[in-house]
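Colleague: Going line by line, the protein sequences match chains A and B.
Heads up, the final residue of the first sequence is numbered 445 in this note's numbering, and it's a clean run with no missing numbers.
Heads up, the final residue of the second sequence is numbered 640 in this note's numbering, and it's a clean run with no missing numbers.
Derived by calculation from the structure, the hints in this document are not laboratory data.
Keep in mind that this is a model prediction, so the values were computed, not measured.
Even glycine gets a Cβ: it sits at the ideal position worked out from N, Cα and C.
Keep in mind that a hint or two might mislead.
Stated by the list, open to error - Cross-link-like lysine-lysine pairs, in silico, DSS-like; alpha carbons within 27 Å at most:
no., chain 1, residue 1, chain 2, residue 2
1, A, Lys118, B, Lys468
2, A, Lys86, A, Lys121
3, A, Lys86, B, Lys468
What the hints assert, rightly or not - Label pairs and their in silico Cβ distance ranges:
no., chain 1, residue 1, chain 2, residue 2, range
4, B, Arg476, A, Glu204, 47 to 55 Å
5, B, Arg476, A, Pro153, 43 to 51 Å
6, A, Ile156, B, Arg476, 25 to 33 Å
7, A, Asn172, B, Arg476, 17 to 25 Å
8, B, Arg473, A, Asn275, 41 to 49 Å
9, A, Ala258, B, Arg473, 47 to 55 Å
10, B, Arg473, A, Ile156, 52 to 60 Å
11, A, Glu124, B, Arg473, 44 to 52 Å
12, B, Arg473, A, Asn219, 41 to 49 Å
13, B, Arg476, A, Asn414, 13 to 21 Å
Claimed, not checked - Which residues of chain A face chain B? A few of them, derived with a C-beta cut under 7 Å, are:
no., residue
14, Leu85
15, Glu91
16, Ser245
17, Phe278
18, Ile282
19, Cys339
20, Phe341
21, Asp342
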Amino acid sequence: MAGPGGDMQWCFSQVKGAIDDDVAEADIISTVEFNHTGELLATGDKGGRVVIFQQEIENKNLPQFRSEYNVYSTFQSHEPEFDYLKSLEIEEKINKIRWLPQKNAAQFLLSTNDKTIKLWKISERDKRPEGYNLKEEDGRYKDPNTITALRVPVLIPMDLMVEASPRRVFANAHTYHINSISVNSDNETYLSADDLRVNLWNLEITDRSFNIVDIKPANMEELTEVITAAEFHPHQCNTFVYSSSKGTIRLCDMRASALCDKHSKLFEEPEDPSNRSFFSEIISSISDVKFSHNGRYMMTRDYLSVKIWDLNMENRPVETYQVHEYLRSKLCSLYENDCIFDKFECCWNGNDSVVMTGSYNNFFRMFDRGHRRDVTLEASRENSKPMQVLKPRKVCAGGKRKKDEISVDSLDFNKKILHTAWHPQDNIIAVATTNNLYIFQDKVN
Amino acid sequence: MSATTAMEVNAEARRILAVSISKLYASRTQRGGLRLHRSLLLSLVMRSARDIYHSSRESEELCGPQPAAEEPEQPMDTGSRPGERAGLPEPQPRHEPALSPSPSSAPPPVPRAEEPASAGEGCDGETSEDKENWSPARRSRKRRGKASAAPDFLPSKRARLEPGEERYAAPLGSCRAAAGLSLSARSLNQVIAAF
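One chain only, chain A, in its complex shape (with noise of 0.2 Å):
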């Protein structure tokens, strides 16, 4: 059992992904999602390729094992299309992957891209059928004439193969850019929400969907907000939240009324006014939101830090955490360069006590809520042996800086961590770079 984020120490496990430093666009990452036992991690890119990795244990009985995840499945889940109403085009980027909870022998996943949902089903073939009666081997029609005694096909073993096939595409129900998907705790529906919408689906029909909330104004001139993300409640079917660019979170239940525009709940917390600024409103947008796993808590992530909201406290989060307040003099630049748009992710790990989010320099950070501690990791090359352990790295905000640390004005911008994911039992985490996908173990795991 690992210990506290202070007393964990982070090894390099696996990279994925080319060395190539010439990024090709199509294989930026885009999502990280680990299944609900850890034994899948997913990721999907902005090619609109899904790849899916699974662990292998050596010696798992052995209070400290290795575990590797190696390519399970890769397919192509969404393609470029065009919709000609609009002259636009439709993006094949997958913005998130969400897998079901396991029923039977098949794994399922939810991949989205702009537009259009997808319900996969990833199944094992390991035994093929030999002997048919109408067919030769290579599955040519015989001539019925020629048979002259039936024979039973059996079922011979064959090299694993894994297959991923559409069972459900569930389209045209957005006309904004969707940004989340969840799936409820009921295993029968799921959200999705837009810029403007959130919709409910069952997860069996794909020709309708029931809209549950719509915050677009009757005049467009005065939108005032967004939504930026959404999700359900690990344990209350009947509850969501969904995040807005305004920084504020609403909490609907859904067995109030069939629309969910009135809120249960509104988490705001005031403004300090001393921080405010010029882009104090870009700032302020959440990119994320994520319950915690025991359903008690949710996380937020913004663009300078992460909170921590106790579902029963409305007015401010229980806690704060500052990410990389240095970038808070920087923001003009960070304005001109983009960089202010970027939607950072967040995740908990398996028992709520340490929250994780990314920065850049390929930096991403951690913070022990019981402990009190922080520390920011450096997913790169030049780190990657085997089990070696990750130095903790530190910026320097100013003034003179000691050996080891690094400038502000030497960060690379480029160089942005946006997904991570933490294997929901063990402390295992897949860090996603611009086109790599670090695994980091905990040494004693």
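Place chain B on chain A using the hints.
Modeller: Below, chain B alone, put in the same frame as chain A:
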């Protein structure tokens, strides 16, 4: 506020506005189409820049104190809560008694303080002008005609319009003294609405 500082703030606001407008133009050709969230954020920054520009010009003209009349155009509600008006690095709650009702209750007007520049933006200058002394004359600034020349600091090409869109007044007037930023709230919003 000194004339030099007002000019610096003025120049900075115009620069931000120019950068924002280029971004908005560029986003029209992006794959996947206009992103509503991004366009909204850009328009918020443009609004703030416009407001700073206007108010810095006001302080240049040394107008008499007169709280603003009700804004004729209904701007987007962002930051219209009294005390949270965007645009200034320091806490400079703008006392606008005539602002349209906002969800939060109006805090008591905070006396304006001469505060030094915060550790905030490198791009914004020091304390801006007296936001309380809005001149009603600002409201009556006419939109520039359609034939006005593009200002020197904007991209020289005009954006290709989509069918159904109108070309509005040139977003930024020239740098001549009498001109002001004529980019109204409506123009900003209509850019979004065109999406």
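Colleague: So which hints don't hold here, by number, going up?
Modeller: Violated hints (numbers, rising): 1, 2, 4, 6, 8, 9, 12, 14, 19, 21; every other hint is consistent with the structure.
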